[in-house]
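Chemist: First to last, the sequence lines map onto chains W and E. Quick note, the first sequence lines up with residues 1 to 184 if you use this note's numbering. Quick note, the second sequence lines up with residues 185 to 265 if you use this note's numbering.
Derived by calculation from the structure, the hints in this document are not laboratory data. Treat the numbers as computed from the prediction; the structure is a model and nothing was measured. Hints may contain errors.
[Stated by the list, open to error] Label pairs and their computed distance ranges (CB to CB):
1) E:Lys221 with W:Gly49: 42 to 50 Å
2) W:Glu172 with E:Ile242: 52 to 60 Å
3) W:Phe19 with E:Tyr211: 18 to 26 Å
4) E:Lys221 with W:Leu35: 23 to 31 Å
Just so you know, even glycine gets a beta-carbon here, dropped at the ideal spot from N, CA and C.
Chain by chain, the residues:
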Amino acid sequence: MLHLHHLPNSKPGEKPVLFLRRHWLAVLRLFFFALLASVAPLLITWLLGQTMPSLLYSTEGSAIGSVFLSIFYLSIVTFFFQEFIDYYLDVWIVTTERIINIEQHGLFNRVASEMHIALVQDVTAEVQGAVATFLDYGQVHIQSAGETKRFHFKNVSHPEQIRNTILRLAEEDRGREDSINHAA
Amino acid sequence: MVPINIFLFVFLFFMFLVLLFTFFNVYHMVRYGRACKSTIVITTVYLIVVLGMISLSIYLISLADWSTSISIIPASTNQIY
């Protein structure tokens with residue numbers, strides 16, 4: 001399991017500052033689709049009851065129907081949880097020393113990368129659309145110095161606050177590194 | 185005539201897939217999830233829901249009569265000659 005206070009390769013004195021996931025709206029959307037899909041067999045059963053009741057209430061019909069209903073509802077639950085895992089395991093951790101980006105793509109594809117926070121050169125917060133403005137979520141792009149690589153925090157809550165925090169932490173870390181270099 | 189209990193094999197195959205996916209899902213939550221109460225609660229709720237649904241499915245399926253058969257070819261086609 002991922003322990004925030006025992007992150008892999010952590011430096012002495014490193015403290016977690018932000019632990020981020022996508023906005024809860026992503027889960028709500030997923031939940032809504034699962035709910036919508038759950039209603040479909042009930043609608044089909046009702047339609048069959050109206051048009052072909054003999055098929056629906058026959059021994060064979062009810063037996064085969066119970067198999068297909070079971071398969072359908074178990075598929076919904078499995079699919080919902082798999083998509084939820086995709087959401088739940090996609091995390092961005094900002095510590096006093098680095099930014100860690102962990103992305104889960106499906107079941108067998110996982111990408112973990114990190115960037116030293118002192119290398120952060122530019123942080124952009126982007127909020128687009130009425131819903132995103134109202135619920136205060138959006139994108140945060142982090143550009144490191146001397147690299148083309150960018151970190152992208154997708155649909156995170158309070159992007160402006162995150163931007164300010166990262167810039168402040170980067171400044172503090174550069175200050176710490178400068179003082180160590182001067183002392184040496 | 186096709187015996188309808190052939191659908192039970194379809195169901196068994198699907199149960200195998202569900203259990204396989206459940207194993208991988210739980211493994212991912214335990215291996216990569218954040219060590220906190222919510223991870224434990226979510227995983228437990230998922231396991232209860234899946235196992236409950238499998239039990240309910242098996243109960244519903246056991247109520248049906250699987251000894252009958254269905255005809256794939258409509259009866260009218262036998263009366264051509």
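Chemist: Check each numbered hint from earlier against the structure, then list the numbers of those it violates in ascending order.
Modeler: none
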